[in-house]
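In the order they appear, the protein sequences are chains Y and S. Numbering-wise, numbering that gives the first Met the number 0 puts 79 at position 80 of the first sequence, and it's gapless, one number per residue. Numbering-wise, numbering that gives the first Met the number 0 puts 24 at position 25 of the second sequence, and it's gapless, one number per residue.
A hint or two may mislead.
[Claimed, not checked] Simulated coverage check for chain S against chain Y, where a stretch passes if three residues somewhere in it have a Cβ under 8 Å from a Cβ of chain Y: (1) 1-12; (2) 19-30; (3) 105-111.
No wet-lab data here; the hints were simulated from the structure. If you're wondering where the values come from, they're calculated on a predicted model, not measured in any experiment. For each residue, glycine too, the CB sits at the ideal point set by N, CA and C.
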Amino acid sequence: MADAIELRGLTRWYGKRRGVLDLDVTVREGEVFGFLGPNGAGKTTTIRMLLGLIRPSAGAATIWGLDAWRDAAALHRRLAHLGSDPGYLGELTAAQTLDHLGALRGLPKGAWRTLAERLDLDPGVAIKKLSRGNRQKVGVVEVFMGNEPLLVMDEPSTGLDPLMQREFLALVAEARSAGQTIFLSSHNLTEVERSCDRVAIIREGRLVKVATVAALVGDHTRSINLLLVQPARDGAFALPGVTVLSSTGQDVHLMVRGDVNPLLRRLAELDVRDIAISTPDVEDLFFRYYDGTVAGSEGRAAGSDGGPTAPDRATGPDRATGPDRATGPDRATGPDRATGPDRATGPDPAAGPDGGPAGLDVAPAGLDVDPAGLDGSAAAGTGTQEEVAR
Amino acid sequence: MSGLTLRLELRRSRMVAVWMAVVAVAYGGIVAAMFPILQENAKAFDDYMKIFPKELLVAFGMTGSLADPGVFFATYIGSMLWPVVAAIAAIILATRPVAADVERGWADVALGTPLTRGRYLGAAFVAQALVLALLAVATVGSVIVIGVLVGVAFDVGRFAAAAVLMWLFGCAVAGVTSLCGALTLSRAIAGGVVGGALILMYLMNIVAQVQVDVAWLADLGAFKYLATTELIDAGVVPWTSVSVFAVFAIAGWAGAIAVFARRDLLA
């Protein structure tokens, strides 16, 4: 499958303020690619560079081999875009807006009508009189009303009610079936889980992981919030596959991956006032993979088993800037990425009970290559650069 | 230039065009209606004007009798109404596509289509020129039409030529404002800079007329070139003024396109 989008070393500074740093991502034709991150992570900056609205400070963004800045107008014949809060003109109605934008894209008048009906959008109302959600519907109609082979969307379902979110996901699925490539940013993991083939996580401007959705979330990963009657003793949750995300004594937030039975047995020993189990959200994943607190808690848990300590695992200088990460030949394909001794100083993080924190796949040098966590190619030692955490 | 975008720009300019035209027509019509009174009482008005310093009168275009069509037009229209109407309209229209639309996000939406930045701005500039032309025609037309109604036969050809000069002045303001907008991407800054510069030039022109030893100040401003008296009274086309305004208009718009094509769209 050919590449639709290629970001190579994409970097953007706003003066001294960080936009994004050294992004390497490839999006294949026909796939739905999610770009996850919290507010301010750099998602919109990346999309604006993809659209040729701003220039990279370094690196390049190409779409079908054409430069996103230099060839913007030509590329826009083959892509449709939806911004996170589109600045439509308030004095125009939704119909006038969509007709105008459709005409600029060479679409016939009224090309939006079926979609507007499907999304229950009243096209005769002036944009300034529409609610946030209805304005977003205009954007969703706009992006899907043509048949451009690439759709670029920045937090597209923000403001949509659950019914419309479901409709949006259906539209994404239909577009994928039609062979369209979709690049969408979001901080809504559920949306990404349901719609995307692969996901990149970006945090503080850096790409921290690219993986399939299933690998990212983990087949059996759950977020567990506990309210205990009495604070648990230290190390009470130092169990295989269990990560302590936060703990204030009685209020404990855990991430569990794999076999839940050891945890259930431990909970049976405790006086639990309340428990909530859910799939993890993006923030949980950030904590799980990259936050020093989590790494520290896991480091403590792992430390007893001889695993890597927190500073090594999460905050060591190599993690962000180590030259071997950026350019080393074994960064992308070397077998030591997955199993080599320089990947982790402790037991295989994914190995389970004997290996310390199975849920954590952050390597000391920042390589979070998880044999189970990346799409198959990485596990097989043939992963591409973007599959390497930054 | 994109025809679709031009249509949209003209549509968006309706309110500015209509209300500024109403102001221009109302004011122009009223002063034109007063012209027969000025003619009938020319001596009394001339005597009254003598109580003011001559330099001050010259500064406001009153270089002769108000009963003279050229002096009358320069005093009430060329030096007063048109600079205000043209400046307001030009600043509103010219800060919109390159500054306001970037701030509000419309530029992202429009430029997310196959529309190039040059065609996007080109359409906006044509719309500015058309609206300013409409306002110039409305202003001068109201004077001519009301003049006919009150029995004054203004020279239509010379007044039309004055309208062209006024239009070029407006285009020059729009061009420079567009360039400022492209450089700053801020409606407030671009509008403030151009508005402030116009006020400064207006004051410089007055000071230059009143204080002979700083007469050179007038050369630095735009208002020296917005001189319609000789055009209306003697039929002499001020080619220097035409050239100066045309150069600033074209250079401003071309510069705006060149700058905007290279700018990051960051509000």
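Requested in this report: Could you tell me which of the numbered hints above are not met by this structure, giving the numbers in increasing order?
Outcome: Violated: hint 2 alone.
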